[in-house]
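Now for the letters of each chain:
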Amino acid sequence: MTYELLVSTRKGLVIGRSEDRLRWEFSDTHFMGWQIDYAVRDPRNGRIHVAASHMQWGPHIHRSDDDGATWQEAAAPEFHGETYSYSDWDPATDSWMAPVEHEASLERVWTIQPGAASTPGVLYAGVDPAALFVSTDDGDSWELCRSLWEHETRPMWVPGAAGMTLHHIAIAEDDPQHLYVGISSAGVFESLDGGATWAARNSGCVADHLPDAEPEAGQCVHSLYVHPGDSSRLFQQHHPGVYRSDDGGAQWTPIHDGLPGEFGFASTIDPADRDAFYVIPLQFDQARVPADGDLRVYRTRDAGTSWEPLGNGLPNGHVLQGVYRQALTNDGVSDAGELGLYLGTSGGHVYASNDGGERWAEVLDHLAPVTAVRCAEVG
Amino acid sequence: MAALILTRALAAQVDHQLEHEVEGASVREALDSLFAMHPQLRRYLLTDGGTVRQHVNVFLNETLIEDRRGLSDAVSPGDTIHVIQAVSGGSA
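From first to last, the protein sequence lines stand for chains A and B. When the first sequence is numbered by our numbering, its final residue is 379 and no position is left out of the sequence of numbers. When the second sequence is numbered by our numbering, its final residue is 92 and no position is left out of the sequence of numbers.
Worth flagging that the hints you see were computed from the coordinates, not collected in a lab. Ideal placement from N, C-alpha and C gives every residue a C-beta, glycine not left out. Among the clues, some could well be false.
If you want the ones that stay clear, here's a sample from chain A, every Cβ over 10 Å from chain B, calculated [what the hints assert, rightly or not]:
#, residue
1, R44
2, R63
3, S147
4, P155
5, V158
6, S191
7, V206
8, D208
9, H318
Computed footprint of chain A on chain B, listed as stretches where at least three residues anywhere in the stretch have a Cβ under 8 Å from a Cβ of chain A [stated by the list, open to error]:
#, stretch
10, 31 to 44
11, 52 to 59
Using the sequences and the hints given, assemble the complete structure.
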């Protein structure tokens with residue numbers, strides 16, 4: 001088997017190839033000087049999609065049909081003069097202020113999610129300002145998902161430090177019309193009809209940055225997954241907590257007891273184990289460096305009842321690097337105990353494990369901050 | 001006819017051609033004539049709302065244009081338009 005690791009950094013994209021998932025050969029840097037916000041291979045046709053942005057030249061999407069040998073610039077989502085508004089909380093009156101209107105302009109493409117195998121040509125893009133765009137022609141054109149853009153809770157969505165971003169899109173394995181999105185700072189939203197209608201799914205989550213700690217929307221989800229083997233099982237790394245849902249997001253249960261901290265960004269699942277979840281706890285929430293100073297991945301195999309640290313091969317002591325929300329991933333290997341895990345740090349180091357996180361090896365260093373890693377079997 | 005001169009970084013998108021002949025009575029029309037020849041440049045210079053990107057500067061006869069949103073500054077035959085990335089120091 002050959003595996004491909006797409007390492008997105010703030011200064012370009014690096015592509016790795018490996019047979020054993022520990023020894024990697026890496027390409028020269030693609031898109032030198034550009035911030036790569038996300039890169040993903042579409043398993044349906046092998047196309048690599050890259051979301052890149054540049055301080056001067058703005059956000060762009062590129063794609064390759066030959067493993068990165070050549071790239072073509074593709075269409076990017078456009079707002080065409082759309083406006084949106086949001087409110088701030090007024091502590092003086094203990095109420096939301098009147099919404100302020102803003103003209104929407106694409107700031108960044110945070111994620112590109114290939115659709116289900118049964119919907120060829122369908123792609124989803126999550127962007128800043130928070131919106132979902134849908135393509136039905138493999139990225140040649142994009143259409144704004146208006147039902148989410150105009151959601152009734154929209155005035156309660158508040159930009160976070162990274163902007164107002166739709167950064168995670170999940171599709172239920174058993175129904176390509178069953179979608180979830182994660183938005184900062186708005187929360188989790190579910191659609192059962194392919195995006196025609198959306199419902200907020202944040203019950204049980206705590207928003208400690210708001211006076212109303214359990215609002216319907218305004219929640220700050222950091223990463224979100226639906227388990228491919230059971231679409232009622234969801235996990236999320238929330239701003240102040242780690243949560244699990246057993247009913248498709250209708251109710252969330254905190255599962256961060258046993259972790260050194262409930263704050264973090266990155267998380268990932270094990271496609272073969274509905275009870276497994278991986279997180280990287282960071283100090284809450286001003287420092288955003290590993291809890292206790294050691295870079296550790298924490299794993300649960302009992303749906304959050306207990307956690308174990310995984311640090312063999314990861315750096316110890318005085319670690320002042322975090323892991324961004326898309327910079328931890330798995331490679332989907334389904335054999336128990338053989339799951340490949342990959343993480344990239346804000347300090348430009350990339351670590352890999354081919355045994356479910358028991359042992360890690362540094363496979364790349366001296367990069368710019370790593371914004372995302374994604375791994376796939378390619379042959 | 002006016003001359004539109006791209007910075008080298010932008011010219012890299014159009015086979016490194018620095019100077020282009022453009023037509024139009026305003027900066028908007030002049031840029032549109034550039035985009036008609038090289039549509040891929042639009043997204044580099046303008047937001048999807050049509051405003052000049054924050055870190056892009058457009059000079060008309062060596063003076064910064066006044067209307068970065070509407071691009072209504074008047075262009076006359078023989079004028080020179082420079083499109084240059086802003087100096088954005090302080091960011092690594």
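Here is how each hint holds up against the structure:
With a minimum CB-CB distance of about 26 Å to chain B, R44/A clears the 10 Å threshold, and the non-interface call stands. Every beta carbon of chain B lies more than 10 Å from that of R63/A, the smallest distance being close to 14 Å; the non-interface claim holds. With a closest Cβ-Cβ approach of about 20 Å to chain B, S147/A is found to remain outside the 10 Å limit, as its non-interface label requires. Chain B leaves P155/A outside its interface by the beta-carbon criterion, the shortest separation being 21 Å against a cut-off of 10 Å.
With 10 Å as the threshold on Cβ separation, the claim that V158/A sits away from chain B holds: the shortest Cβ distance comes to roughly 22 Å. The claim that S191/A is not at the interface with chain B holds, since no C-beta of that chain comes within 10 Å of its own (minimum 24 Å). Every Cβ of chain B is farther than 10 Å from the Cβ of V206/A; the closest lies at roughly 35 Å, confirming the non-interface assignment. With a closest Cβ-Cβ approach of about 31 Å to chain B, D208/A is found to remain outside the 10 Å limit, as its non-interface label requires.
For H318/A, the shortest C-beta to C-beta distance to chain B comes to about 22 Å, beyond the 10 Å cut-off, and the non-interface label holds. Residue count for the stretch 31 to 44 of chain B with a Cβ under 8 Å from a Cβ of chain A: 3. That meets the three needed, and the coverage hint holds. Evaluation of the coverage hint for the stretch 52 to 59 of chain B: fulfilled, as 3 residues show C-beta separations to chain A shorter than 8 Å, against a requirement of three.
Comparing the model with each numbered hint stated earlier shows that all of them hold.
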